Amino acid sequence: MTDASTGTTALADPDGPAPAGPSARGPRGRDAVAYLRYGAGKLLGAAVSLFAVLVTSFFLFRIIPGDPVRTITHGRAVSEEQLQALRRQFGIDKPLWEQFTQYCGQALQGDFGNSYQLHDPVGELIWNRLPATLLLTGTAFVLYSLIGVWLGTRSAWRNGGLGDRFNTGLSLTLYSVPSFWLGLMLINVFAVGVGFVPGMFPTGLMETGDGSTGLAHALDVAHHMVLPVVTLVAVGYAQTLLVMRSSLLDEMGSDYLTTARAKGLRDTLVRRRHAVPNALLPTVTLLFVNLGHVVAGQILVETVFSWPGLGGLFYEALSIPDLPLLQGLFFVFAAGVILMNTLADLIYPLLDPRVGR
Amino acid sequence: MTAAPLLDVRDLTVTYGTGAAAVRGVDLTLDAGQKLGIAGESGCGKSTLALALLRLLPAGAKLSGEILLDGEDVLAMKWGRLRAVRWAGASIVFQGAMHSLNAVHRIGDQIAEPMLIHSTAPPSGVRKRVAELLEHVGLPASRASSYPHELSGGQRQRVMIAMALACDPRLIVADEPTTALDVMIQAQILRLIEQLVAEQGVGLIMISHDLAVLADTCDRLAVMYAGRVVEQGPASEVYSAARHPYAKALSAAFPRIGDPASRHAPQGLPGDPPDPSALPSGCTFHPRCPVAVEACSVEDQELRGEADWKAACLHA
Amino acid sequence: MTTTDTDTRTKDTPAKSPRALARDRRRRSAARFWRQYRTHRAGLFGLAALALFVLLAVFAPLLVGADVQSVTKAPGLPLEAPGSEFPLGTDKDGRSMLGLLIWGARFSLTVGFLAAALSVAIGTLIGITAGHYKGWYATVVMRITDWFLVMPTLVLAIALASVLSRSIWTIILAIGVTTWPTTARLVRAQTLAVESRPYIERAKALGGGHSHIMTRHVLPNVMPLVLAQTTLVISSAVLTEATLAFLGLGDPTVTSWGGLLQDARDSGATTKWWYVMPPGIAIALVALSFTLCGRAVESVLNPRLGASR
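Residue numbers (the UniProt record's numbering), protein chains in the order written: chain B, 1 to 357; chain U, 1 to 316; chain X, 1 to 309.
Keep in mind that the hints were calculated from the coordinates and are not lab data.
Note that this is a predicted model, so its numbers are computed, not measured.
Wrong hints could be hidden among the right ones.
Output of the computed footprint for chain X on chain B, the stretches with three or more beta carbons under 8 Å from beta carbons of chain X [to be verified]:
(1) 167-178
(2) 181-192
(3) 289-298
(4) 316-329
(5) 333-345
Computed, partial: chain B to chain X, Cβ under 7 Å [what the hints assert, rightly or not]:
(6) S49
(7) A52
(8) L60
C-beta atoms are modelled at their ideal positions from N, C-alpha and C, and glycine is treated no differently.
Here chain B stands alone, though its shape is the one from the complex:
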């Protein structure tokens, strides 16, 4: 054994330093520095993206129609004095550059001007409607991510089987269904009632407004939430399922799974401990990149179910059309998606050691 151990020492670390670099500071400290650099980069990118959103929201609603006041009046016969008054009221009589700097400064303080129609500050309107939207989106997002990942995993692992074909077929079908139409159908069946199905779920707003508090109130809100959440999940889970399925299929031929099997792991353990964590990464990325679609679903579902959130507000602003409100909502939607994506970027290194080191 002495012979062998000297042999081993002679062999020790002959490959030179690992690609990760010198280990002087120890792996933990090195990781932390690398992570900070990575995180700072992502935050900077998010700041640039947010600024781009700000610019877009400003120009989109001001430049394209030529004269926003014309858009407000929508071709109605309005005297020149009235137009001037309107322009002054909304601060659009100044040069564009001045308007833009003013807009940016105010937007950073959460001030998006006053709504044309409701005359309340846009920021306040949005702030009041935000909780309802967060509640609905958050619940739906968590539910459809979990369902999608779970079913996608099952589908891929039993690739080509009856369950796989059923899952894929159903999700493709639901993915092709317009969310607002599905919402209407669900209202018809489960809120209004059809045939022997009684109308069992209320719709419209998020509470009955009977002044109940505590648990009773929570249950009431949950009751109102069932149909909108079901709609969002139904049209939203498909994409998660399909991505999870295809990324797991990609992983399934991998050598490290053969290693895991060779080690004597049970099939379920090979899947849970080895295949799924690797397949999850592209899926999670896509989940967050596609948050923009969630916003779309949100607007329509809130409109159909009269949910008192930002989506409903967007629809109201659209039918007027209330430009400052649309502008503010556009900024909030886009900023929300960017912030969530940045958050996801900051979390990835915990999921995948290869990211951000």
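Since chain B is already given, all that's left is putting chains U and X on it; use the hints.
Frame of chain B; chains U and X shown alone:
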């Protein structure tokens, strides 16, 4: 061949779902402490053979014959027993360690995993054992907390070897363990494998396309072509005086140090190995064989020669 | 896929011009493609359903006539239930739902095709150039693409549709300019893969300029991918068109499936199943058919993704 050998493969045949016959009637024996090299071009069935030993082939593959590991037939085992034998009875050092290690788990956890599955070490002692194993293969114990992408190719291959040793298996199968490495590191890894095998008295099957490497490391050699063993014998004899024309060509394909003749005229082999789903008639090597006669395209050639050194050729 | 034998182009045989050779090769690979496509049952179903819808749309003037849209010449009473005269009942103005549905296919499919064509054209152009020209151009363009990728596209499309005048072109533009980033990313990745192949090097060495390489070598090789992507984009364009129409941003002068649903909602007739069900099913069926075709094409091109048969 005394008593029961460690591994006794009898008439092993593997057919893939597509109809490709990857391994066709292979017989191999290996005693504890012995080192057997299996050589052949890519696609000759040598990696399939390695995976077949632990029934790791994809679901569509059909296996027949017997694989007796310590007298017990792997092909007849129930799933539970098979899982128990995997890694604890025989472990594999895979080729291309980058892809054979899971990128999202730490090295230490991956080495510890089989020990915990097979309970070969108490959970409290696993960390210590992992550190021992890493040092044993020449890596600092602190590497246990690294991820595979933080290691160099040679280091990853060392990790694979440490992992293969984790449960003190009786048999280690090394499938192209040095293919992706540069020559210096290749030599280090080979010395390490040799040394560990000598220390622990395990049986080793080493698979490679490089006959020189195998001849250098192993006691015996088996040369495979189109799913068959075409020559089997003592390593140095097969390497220096092969009887089968394919084995000859394979040993001539690598220039030999100190042999100017081979350097000036490295001999390749024309053509490609046959498609396993459409094999030629007779001796499968005859379309590429420089010494083929008419009979070769009709008659299949059995292994012939002494018990210790056989070749499947008319001329042998 | 089709690149393996591109080399024949340079090894010109005297009998055939390079163009004829290329044409032959394309025809062979198209035949091979169709043989493989045929094995995908879902893809065939999608193709058949699409053919049916396209035929309905093309022959709608013969089948139902343009009068079907007219409110003043409405043949029935408002909101009549399905019966012998109107198999799918009537809408709020007493027009035949079946007729409107068939007529609506024209608009939905036109918007779907044109919007997808615009979107894929932008995406392909950006993808190929970003893959071909490296350096700051690619960096900037890909950053913009990434930014567009996370943008809530529908909100952007709605904003565009709401500030421009109401017409079919507005909708096509709104969908086209907001949905190209996915295509751009895919095409760029494929372009990078194609350009790393040795024959591109050879083309460069033989004096092929940027535009020659991009149009003669890269474009033919990304076309199959673009085809698959187009069908998928049409599917989402049809859905987006319906959505915009439902939100009241459609062209009020034409009949579209989304517009029918908006009518139903505005007139408080959402409980009339014959009013609400058929347009929704039609939208879903068209979107599903395109998706199925796209997936079948994808899995022919990349069998590893496949198994969607």
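Comparing the hints with the structure gives:
Using a Cβ-Cβ cut-off of 8 Å, 8 residues of the segment 167-178 of chain B lie near chain X, which meets the minimum of three, so the contact claim holds. Restraint check on the segment 181-192 of chain B versus chain X: 7 residues with Cβ-Cβ distances below 8 Å, three needed, restraint holds. Under a criterion of three residues with beta carbons nearer than 8 Å to beta carbons of chain X, the stated coverage of the segment 289-298 of chain B is upheld, 6 such residues being counted. By the rule of at least three residues with a Cβ nearer than 8 Å to a Cβ of chain X, the coverage given for the segment 316-329 of chain B holds, with 5 such residues.
Given a C-beta distance limit of less than 8 Å, the hint that chain X covers the segment 333-345 of chain B holds, as 5 residues qualify and 3 suffice. Annotation: B:S49 was flagged as interfacial toward chain X, and the flag holds, the nearest CB pair being 5 Å apart, inside 7 Å. Contact between B:A52 and chain X, as hinted, is supported at the beta carbon level, the nearest pair being about 6 Å apart and thus within 7 Å. A distance limit of 7 Å between C-beta atoms decides the matter here; for B:L60 the minimum to chain X is near 5 Å, and the interface restraint holds.
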